[in-house]
Amino acid sequence: AQKITQTQPGMFVQEKEAVTLDCTYDTSDPSYGLFWYKQPSSGEMIFLIYQGSYDQQNATEGRYSLNFQKARKSANLVISASQLGDSAMYFCAMRPGDHNNDMRFGAGTRLTVKP
Amino acid sequence: NAGVTQTPKFRVLKTGQSMTLLCAQDMNHEYMYWYRQDPGMGLRLIHYSVGEGTTAKGEVPDGYNVSRLKKQNFLLGLESAAPSQTSVYFCASSYLNTEAFFGQGTRLTVV
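Protein sequences, first through last, are from chains G and C.
Under the numbering used here, the first sequence has 1074 at position 29, and the numbering climbs by one with no breaks.
Under the numbering used here, the second sequence has 73 at position 72, and the numbering climbs by one with no breaks.
None of these hints come from the bench; they were simulated from the model.
Glycine residues also receive a C-beta, built at the ideal position from the N, C-alpha and C atoms.
Hints are not guaranteed to be accurate.
[As the list claims (entries may be wrong)] Below, simulated DSSO-like cross-link-like pairs (lysine-lysine); rule was C-alpha separation at most 30 Å, straight line: (1) K1048(G) with K72(C); (2) K58(C) with K1048(G); (3) K72(C) with K58(C); (4) K71(C) with K58(C); (5) K1115(G) with K1048(G); (6) K10(C) with K71(C); (7) K58(C) with K1118(G); (8) K1115(G) with K58(C).
[As the list claims (entries may be wrong)] Under 8 Å between C-beta atoms, here's a sample of chain C residues computed to sit facing chain G: (9) D39; (10) G43; (11) G59; (12) V61; (13) L97; (14) N98; (15) F103; (16) Q105.
[Stated by the list, open to error] Where chain C lies over chain G, by a calculated footprint (3+ residues, C-beta under 8 Å): (17) 1088-1095; (18) 1149-1159.
Could you put the whole structure together from the sequences, leaning on the hints where they help?
Laid out in structure tokens, this is it:
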């Protein structure tokens, strides 16, 4: 089964600066999808960005980008121009691309944006 | 636009009691998931389903059962609740290779 590792339990960033949240994964599947979710203190899970294992370019969505390094099995989330509202838990997730579609998550990183 | 709806939102159970959590989605998704979230451990997959009538075990299936009799519903059952099952439970649904949409969560306390 696949394994997702987020090694940063907590991160701090100054408002308006960029921050990188780390995610590494381990899988034997040749095809898979990588996801990042945000969970604010209110508890809902908010989808941020998706990267397919065969995508040639790194995914971007507004201020979010995914630094995908397939050979190193890493899928780091980069948030540019941090805002106070970015303070939340961030989870990395992976799902195999075949029909056996179990989606697994890392332990998460708590990001705090300082004014 | 309901999306994914979980029932109930909160529940307190006594040890040994049983209960069923209901997840309903109106997006015609094939895939549905049940997770539990505990502090410091992220979301752990309990069971999942890749289609109506099919279910599979995830990372932490012990003490739980599931059923997917209708495509839009995914039920999570606790036959004999234990304090270790105190957690926040999330249901999610998706198509293949798209993001999963989550319900608002169910906070379960077993005393």
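Check each numbered hint against the structure and report the violated ones by number, ascending. 9, 12
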